[in-house]
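Student: If you read the sequences in order, they're chains B and F. Counting in this note's numbering, the first sequence runs from 1 upward without gaps. Counting in this note's numbering, the second sequence runs from 1 upward without gaps.
Don't read these hints as lab results, they were simulated from the structure. Be a bit skeptical, because a hint or two may be false.
[Said to hold, decoys possible] DSSO-like, lysine-lysine: derived pairs with alpha carbons at most 30 Å apart:
1. Lys178/F x Lys75/F
2. Lys225/F x Lys265/F
3. Lys129/F x Lys104/F
4. Lys104/F x Lys172/B
5. Lys129/F x Lys178/F
6. Lys292/F x Lys178/F
7. Lys129/F x Lys108/F
8. Lys117/F x Lys172/B
9. Lys292/F x Lys318/F
10. Lys117/F x Lys129/F
11. Lys102/F x Lys172/B
12. Lys277/F x Lys265/F
13. Lys225/F x Lys172/B
14. Lys265/F x Lys282/F
15. Lys178/F x Lys225/F
16. Lys178/F x Lys117/F
17. Lys172/B x Lys318/F
18. Lys172/B x Lys131/F
19. Lys102/F x Lys131/F
20. Lys172/B x Lys129/F
21. Lys75/F x Lys108/F
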Amino acid sequence: MHFGYMVFYYAFTFAPLIILVIFSFNDSARVGLPFKAFTLKWYAEVLSDPTILSAIANSLLVGAVVTLLSTPGGTAAAFVLVRHQSFVGRKAFNTLVLIPMVIPPVIVGISLLTFFHAIGLELSLVTVILAHTLIALPFSLLVMVARLIGFDRSLEEAAMDLGADELTTFLKVTLPLIFPGLLAAAILAFTISFGEVAVAFFTIGYQPTLPVYIFGQVRLPTRLPVLTAVSALALSFSALLVVASEITRRIREKK
Amino acid sequence: MVIDVELRGVTKRFADIVAVDNVSIQILKGEFFSLLGPSGCGKTTTLRTIAGFEDPSEGEVFISGQSMAGVPPFKRPTNMVFQHLALFPHLSVEENVAFGLKVKRLAKQEIRQRASKFLEIVRLSGLEKRKISQLSGGQQQRVAIARALVTEPTVLLLDEPLGPLDLRLRLEMQEELKRIQREVGTTFVYVTHDQTEALSLSNRVAVMISGRIEQVGTPLEVYEKPRNHSVAEFMGETNMLGGRYLDGAVEIDGLSVRVTSQASKGTDIIFSIRSEKISIGKTLSGPDNVFKGTVRGVTYRGSDSVYDVQLSERIIIKVRSTNLALESIYRVGDEVFVGWDIDKALLISSLR
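So that you can see chain F by itself, here it is in the shape it has in the complex (with noise of 0.2 Å):
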């Protein structure tokens, strides 16, 4: 496996803030790498070292194993397509993409081939001569992904660059992105705070909050076995329970809920259990967990429902539920069963 991104210890403070906050990671050639936090976790930054706008105030980037210090951006191999695009609105679509070459002062046959390639590869082709406000945003959205990948970079970094378009599009974005790469197999590194975008883009995903990453792994690692409080917490909607571990269940607010932990008797843990991971009904047996409630707040979304259902005083848990039947739709005063195996329930060890 070649690394094509390295980055080792990587911490950039602006005046006292830390934005990133050391964060070592390996990126694989030809890897949809994406980096996945909340706005303003320093996801952005990081993508900035790497690109070369911003030096690292410790430790340092690699790409195809050279070290990047002291590289401006303009001689790094990467390329980057911004979160506003950054599409020069003097020069017409195709001298948009031809832009990377004509400053390599390639030949002009050559940049006419190269960027009539690319402009093919983005399904632009006939458009060349648009100006760029001509265009609609998606199609903005591939004259830039266009451009950046027409120097044949080794690596393309894409900052949100689906964020302005609308559900639909970015849709279809995604799926665009998904083939262009599978194309041109260059590497990406994919920054959004769209977990849905991350997961079902990467190969893998770096979860970063607050300047540090939290954990890397496959989409399914990280949704399925979130390493601590915070990425569990972070990915998915998510129910934090804790209490006292006795004897294969925790004692919470009078409800003793069964897990499989190894912890020792009388330690306090917390587990985290996913909302659609539990389930709802009128009647419901089978789950090693079945516990009577209320429905307290129903959140309707077409395909399915979340409602907030109180189990005791002090506990109140989501529950997704996909919406089968309209009998299977719930009101708020609904009195409800909801269960879950204790294997569902993950155990987050870290106690905060």
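Chain B on its own, in the form it takes in the complex (with noise of 0.2 Å):
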């Protein structure tokens, strides 16, 4: 029963990307049925193609960014909302830092360029990144909330006891315990950064991100089976960083 289940579960999340990842390899200009032969030509034009490359660069370098922003931002505010019981305008906080998640991407990127222009920021890449961390800061706010809430703070006490300074206690001590929960943290902020189009749509400047690249060229029917190879290659991507991390987890755990 449960088996079937499984099946079912799997076929219906992963079929439309194994599809996908099928018909990359199809020597067809035309992507669907039926399979006439295996080639690679469509990646060797991903590669070849300098406005993709530095489509997919942009990605990794807003990504990146938005990661080391995100990850320790979202990690201070949870700290506050965790270890700070009682401050003036807690409870509004708690509520307030969540709104970001709930506003459609479409009003969100409306609402950052009317801003950037009003105080005269060019649209660049650093309107991308400062427009991703503000969507990535609640999740990473969230994961380490949850990490947070479980963390046993006599430890803590425990280290200060035996003679640790704060700082010596943090490093040796919180920081190792809540690692786990930052590698889930930067993750989940990549993540979101990598695959993010509506925002980036609004903010982006001239050099575009992947999926803002991707949806421009989407229209272009020629264009479809190179943008099922670059697609198969981030998704590829994204899989070994979630592969990576729960690898790290394992072996930090056995240790």
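Reconstruct the complex from the two isolated chains, following the hints.
Tutor: Okay, structure coming up:
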């Protein structure tokens, strides 16, 4: 019974992805059945197309910077929320920090576009980074809040009791114990930024990120096979990221 | 006699709750000192004040004669064995024990030597590389004790560390604690709600009730000579009887109970008599006070039984009796005699 459900679940979630990967190897200018012959030419085209390569580079850069900003940012906010039970405006803070999660991306995009115009900031990768950090922050926050709520503070007291000052306690006890949470928050932030198209669409300058580029090309039928190849690459990259983090986690746990 | 820890008029308030109320105690060097009291009496807060995790609202803590005001926990010569142990889950047994030495930046060789010495004291040699989660409850206790002792603190603070263990393991760890304390000679301040534990482990016991220290003394003193009503009531299973004193006896609900008392005629007094000081039998002669009663309740506990014996309409007393033979185990409804000598009853001077 549960085996059948598992098969159904996997099929439902993974079938479209598998089909995308299959067609990226199809030697046909038209995406669809029948499968004519195996080819790597779409991949070769991706690798020789400078605009695609620069879009990938832009996405990686934006994703990395967003990760570096939102992980510590969200963590700091999570510490404030979990550890400081009472301060003026705490309840409001509690709710307000999560609001960006529920605003439709299109509205976030338009409001940011208006805002950047208003303060005279020219659209570029910098504005995309700011926009994506805004989107990723509440997610990093939520992941870290979950981690910190389960954190036994007597462990920190024990460290201090044994002679460790605040900094040593943080480095030797707190940090190693929240590390799995940090890793999860970082990967989540990167993936959110790497796949985000709506807000990026409004805040991008002349250098598109990969999703914005794909979004722009998808209406040209001749470009579709190349897009399947680049999408398959992006997909493998994201999957690799998740697998790598899971392996790191398991190794740490075994240690 | 050297005083290791001294609390002078320590009060700790949380919002409008007084957790610790004007506590003054002196704990001697090398002593096994217990803070005994019911849950929520402020004993853990007192311990945390000594460790530096709480600042007293009033009063001061001295360790080895030095005021601890403003001294953070990591600069105090105290270490604590936490209630839930607080062992570092990401470190091995050896790394847990070595933690305090590492942050003190001792040489690697010395860290290793000292850690292995203390692992030997707590009898965990050979388990150095284990993870904490691979240890049994008793072994985890031992790691926590070794970790706290390895830096050779002036005072070891223990916050009900044996709470989560089952009875047999508790008894075993109690013996171990005594042995370890004898071996290292460190001053132990032990917090517990378990009387038996406090009485059997300690050199001296402080009975703490609702934030106040009610009595400090040897186990024998606090049990046999409770200073007031609260201590008498908290310690052991006790019967509180009260009435008007007249000519060497107290009139209680129609019974005339003989007592030794310096009370003057006509005053109301309360006295306490512990359940195990009362004799029970089908026939009974000898004790100064002997009353006839009916068994209303029986709690059979293997080695002994506790009976609720009704002596008069309003008086039911608890009697504990060793189960010497099957014939001396009574049942509900049995007619029995109970009795005690007058010197077994304790006059509680302070009337409530």
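Student: Give a verdict on every hint.
Tutor: Evaluation of the provided hints:
For the proposed pair Lys178/F and Lys75/F, the alpha carbon gap of about 27 Å is at most 30 Å, so the pair holds. For the proposed pair Lys225/F and Lys265/F, the alpha carbon gap of about 24 Å is at most 30 Å, so the pair holds. Of the supplied pair hints, the one linking Lys129/F and Lys104/F holds, its CA atoms being roughly 22 Å apart against a limit of 30 Å. For the hint linking Lys104/F to Lys172/B, the alpha-carbon distance of about 13 Å falls within 30 Å, and the restraint holds.
About 27 Å separates the Cα atoms of Lys129/F and Lys178/F, which keeps this hinted pair within 30 Å; it holds. Restraint check: the Cα-Cα separation between Lys292/F and Lys178/F comes to about 44 Å, which exceeds 30 Å; the hinted pair is violated. Taking the CA atoms of Lys129/F and Lys108/F, the gap is near 17 Å; set against the 30 Å cutoff, the hint holds. The hinted pair formed by Lys117/F and Lys172/B meets the criterion: a straight-line CA distance of about 24 Å does not exceed 30 Å.
For the hint pairing Lys292/F with Lys318/F, the CA-to-CA distance comes to about 14 Å; that is within 30 Å, so the pair holds. For a cut-off of 30 Å, the pair hint linking Lys117/F to Lys129/F stands: about 15 Å separates their Cα positions. Taking the CA atoms of Lys102/F and Lys172/B, the gap is about 11 Å. The hint holds against a cut of 30 Å. Distance restraint check for Lys277/F and Lys265/F: the Cα-Cα separation of roughly 26 Å lies within the 30 Å cut-off, and the hinted pair is therefore satisfied.
Simply put, Lys225/F and Lys172/B have alpha-carbon atoms about 50 Å apart, too far for the 30 Å limit, and the pair is violated. Annotation: proposed proximity of Lys265/F to Lys282/F is violated, straight-line Cα distance about 34 Å (limit 30 Å). About 25 Å separates the Cα atoms of Lys178/F and Lys225/F, which keeps this hinted pair within 30 Å; it holds. With a C-alpha separation of about 18 Å, the suggested pair Lys178/F and Lys117/F falls inside the 30 Å cut-off, and the hint holds.
Restraint check for Lys172/B and Lys318/F: the C-alpha separation of about 55 Å exceeds 30 Å, so the hint is violated. A distance of roughly 17 Å separates the Cα atoms of Lys172/B and Lys131/F; the hinted pair therefore holds under the 30 Å criterion. Between the alpha carbons of Lys102/F and Lys131/F the distance comes to roughly 18 Å, so the proposed pair stays at or under 30 Å and holds. Only pairs whose Cα atoms come within 30 Å are accepted, and Lys172/B paired with Lys129/F is accepted, the gap being roughly 18 Å.
A distance of roughly 22 Å separates the Cα atoms of Lys75/F and Lys108/F; the hinted pair therefore holds under the 30 Å criterion.
Of the numbered hints listed earlier, those contradicted by the structure are 6, 13, 14, 17.
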